[in-house]
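Student: Take the sequences, apply the hints, and build the full model.
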Amino acid sequence: MWPFGGGKDWNVVGILFEKNDTYMINANRVKGKTAESVKRRVKLHDRTLLWVVYDQKGSILESGQGNGCHHAQAKTLKELEKVLHTNNSIRDILRMLESGKTDKAASKLIWSGYPRKKAPEQTD
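Mapping the sequence shown onto the numbering used here, position 4 (from 1) lands on 42, and the numbers just tick up by one.
FYI, nobody ran anything at the bench for these hints, they're computed from the structure.
All the given hints hold, so there is nothing to weed out.
With a straight-line Cα cutoff of 30 Å, these simulated DSBU-like cross-link-like pairs (lysine-lysine) come out: (1) Lys81 - Lys120; (2) Lys57 - Lys116; (3) Lys81 - Lys46; (4) Lys142 - Lys95; (5) Lys113 - Lys81; (6) Lys81 - Lys71; (7) Lys156 - Lys146; (8) Lys116 - Lys142.
Tutor: So, in structure tokens, the structure goes:
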């Protein structure tokens with residue numbers, strides 16, 4: 039650990055594809071040498087749409103698309119990237135991690151940007 043608190047203390051968040059209308063938030067609070075390793079594993083996971091590294095004040099340090107970005111449309115990913123710092127379900131997860139109550143948390147991502155389901159074609 040660096041003197042004066044200069045070591046890594048990150049909240050690494052992955053937005054994972056479950057279904058077209060369901061994404062999950064998986065988050066870990068990680069410190070020191072483990073931080074880079076966790077970030078790398080989240081980025082490489084085959085269902086990770088987006089990954090984000092937050093500091094303990096909720097600021098985004100790094101973010102990007104994960105290996106699973108092909109599961110969603112580029113338009114959907116752009117919309118999701120815009121709300122990473124304001125989405126309530128992500129903020130709730132970050133509050134749990136920042137408080138120290140837990141070092142791991144997961145929840146369904148609640149947001150209005152999921153792709154709309156296509157109406158079934160009617161045959162007469």
